[in-house]
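Engineer: Please construct the entire structure, taking both the sequences and the accompanying hints into account.
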Amino acid sequence: MTDATSAGRLSQTDQLLRDELYCIADSKLVLAGWYMIVLPNGRAISDWSAMCAMMQGQYGHARALYQYLGHFGVTREEAEWTRGAADIRSPKLLDQPPRSWSDFVATIFLAEQAISTQLGAYRSNQADRTLARLAEKVHKESRFHVSYSTGWIKALNKDPSSTIKADIRRRFAETLEWWDENDQPDGLFRAGYREASDATLRKRFIEAVEATIDVSGPDVPAPVSWQRSIRRSGKPGIPDSLFELIRFKNHELALP
Amino acid sequence: MKKVIDRRLELGGDKPEFYEIFARRSSAEALTHIGSIEAPNAELAEARAWFVYDHEPWKEMCIVPTSAIIPITERGSDVKVKVV
Amino acid sequence: MVTGEEVRAALLSVNDPHIPIAIERMGMVRDIQVSDMGVVDVELAIPCLACPGVSMLKQSIKEAVGRLEGVREVKINEGWHHEWTTQSIDPLAREHMRRFGIQL
Amino acid sequence: MAQVALARDTRDEPNEVALQTRVKAGGTLEDISEMTPRYRDVLVATMSIAADLEIMTLPLDLDAMQFAPCIGDRIAVASALQDEMGHAQVMFRMLEEFGFDAYERVFERDPATFKTFFMLEWNLKDPIDMAMSHLIGDQAGYITTCDLEEHCSFGPYSRSLRKVNFEEQFHVKRGEYSVRHYMQLGPEVRKRVQESLDFWFPLGAEWFGATDDVKSRMDQLHYKIRGSSNDQLRQIWLSRVVPFCEQLGLKVPAHFDGEKGIYVLDFEMPILFNEETGKWDFRKVTWAEKLAQWKRGGSKKVPGLRRIQSELWGHDLW
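Protein chains in written order, with our numbering: chain G, 11 to 266; chain W, 6 to 89; chain H, 3 to 106; chain U, 957 to 1274.
Accuracy of the hints is not assured; some may be wrong.
Said to hold, decoys possible - With a straight-line Cα cutoff of 30 Å, these simulated DSBU-like cross-link-like pairs (lysine-lysine) come out: (1) W:K64 - U:K1129; (2) H:K64 - U:K1129; (3) W:K8 - U:K1129.
As the list claims (entries may be wrong) - Examples of chain W residues lying across from chain H (beta carbon under 10 Å, computed): (4) S31; (5) A35; (6) H60.
In short, the hints are calculated from the structure, not lab data. Only a predicted model underlies this, so the values are computations on that prediction, with no experimental measurement involved. Beta carbons are placed, not taken as given, at the ideal position from N, Cα and C, and that holds for glycine.
Structural biologist: Written out as structure tokens, the structure reads:
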């Protein structure tokens, strides 16, 4: 990882905060990329407007979060250009491309919900009011992203032959991997950055999903080798082919 | 592969279903009709309305299914709410 | 030595990238700090996190403030976390906008 | 059949006269029921071209998103495209009142039959091209829609353009800002900007259609669907684009004619774009030749529209 040098100078809590916010910002970066890549598949003119707006929104949130990460030594150079596929910390959920419009709807619903749930817990943060207010603003701006996917789920679900339920169930298991089930000490919760622990947030996420669609089923086995710094298990990073599509090109022409 | 759009499912019925959008910038202004949007249900209509008509930071926005509107002056015409 | 008031006055020539109204009137300037060394810090409140005009806006601010005598450097903080609503707009500017039929 | 048509014409005649008198006096129409068939046809043709043009920006901007250099640029493209799709939405909503089916028009119609303009039918190559499309293209579009907003005798259309023009103006400003920035990045980039402008400039000049000595779309002026002629609109465009480019040290095939007090092109329209060399041939051709080239369309038109009418999933995506 490119941050090895700066990492040594941070306190343990700062390091945790830096990692978690990086994960959230990168999730937004990759999710924005999803909207961009799937955009031509929109099914109504207003879907195109909506997908552009959500893409724009997620990039905006990522940009503000990266800038906040500047407190911990993260530079714009690093956030936008110098990292490679292996350095991106988005949830495993976003690795595999959607198989259909229904699968796309399922994925953005879960991703938007998961990210909002996690960042939402920073809104009442007393340790850092700037971060709390930023989280509040992001949370507010994300509201219509959730109603968009919820509306589509409802519409698709009316059709008995729709795969939407199966798609959500399959992707749901992948989304849960964003949280560690094993009860590890949660430094950010204890330090007052988040008002809820990871375990509580995982529960909140499940409840929010179930308010829209029934996802009960066999328990998902806890992932092995889960790493807090990337919020996933196994090898870090996203597929190279996905990275190639979402990375920023023509660096020399970037506006300041 | 060409998109196959199931109109009954994705548009809400045999014919497109519309929602009329009303909004105002501040409490001092009256709620004004700003446009309409097609969607199969209220959630999707809400999101689409917000994303298409987000050129202003609305203080209040609401949607009404066009089918719920009873025309009075336009009685007898096809028009329920004039577009603009 | 440049003063905060001079910087504020210079910012009156900088418009919101979307609307021909000064950012100062739009309630988008939240703080101005001037150091002895002539470094000016401007803290903004950009209404929307996904604002497509930030780069343009920062450039206009740098040009307007940079022209003042004694300014060595202009630093701009977007102030992403600041809450901004239409209530932040100066009432006079709001009236002005309405007269022009401007949709915010 | 002929008799029926004739009868209808005769019956419409007084209405026709009344309507033309009314619009000439600056009156507006607010409802379909007030229109004569001819007025209606001209209006609908104008609005459906506008709607098709908005849709065409989608395939173009997909590429621009991919090659964007930074988060801010992707935000800008997404934002511009969101605006264009919003405009398309409003246009098609209005066309639906005239009996059009937006789904059929956008998703099922043969791409070749879309009425887009030559300027919007080419691949954008890089961010410089994208900026140029705003500087040259959106400026041209903006001038056209401002004229419609100011003059169009169909009230709903004119009013709907307030949102359109408000947003379009920002796209132009962003184009100017980007080009100005690129011009500061050294001789290599400046050369690329000039090359992009060489391609775009004649496209922009052509946007406004044939010169006034060739009568085309006169009905639009007749019915006050729009207020200014092709040459008048082109003049406004030249008066904005030419000084801006010259100030930045860019060369354009046009100049200010001090004697006439107007901007004039250094070439005589119409000219042809040579697709093989990717360059403009500045020798004058006939309007018939030009129309044939417009009709064939640019290389992006059909594939671009086909892409948004189809879907790709799974391994086709990444």
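Engineer: Work down the list of hints and note, for each, if the structure agrees.
Structural biologist: Each hint, compared with the structure:
1. The suggested pairing of K64 (chain W) with K1129 (chain U) holds, with an alpha-carbon distance near 28 Å, which does not exceed 30 Å.
2. Annotation: proposed proximity of K64 (chain H) to K1129 (chain U) holds, straight-line Cα distance about 17 Å (limit 30 Å).
3. At most 30 Å may separate the alpha-carbon atoms for a hinted pair to count; K8 (chain W) and K1129 (chain U) exceed this at roughly 36 Å.
4. Below 10 Å, beta-carbon pairs count as interface contacts, and S31 (chain W) has one with chain H at about 6 Å; its hint therefore holds.
5. A least Cβ separation of about 13 Å between A35 (chain W) and chain H goes past the 10 Å threshold, and the interface hint is therefore violated.
6. Interface restraint check: H60 (chain W) against chain H, minimum CB-CB distance 6 Å, threshold 10 Å, status holds.
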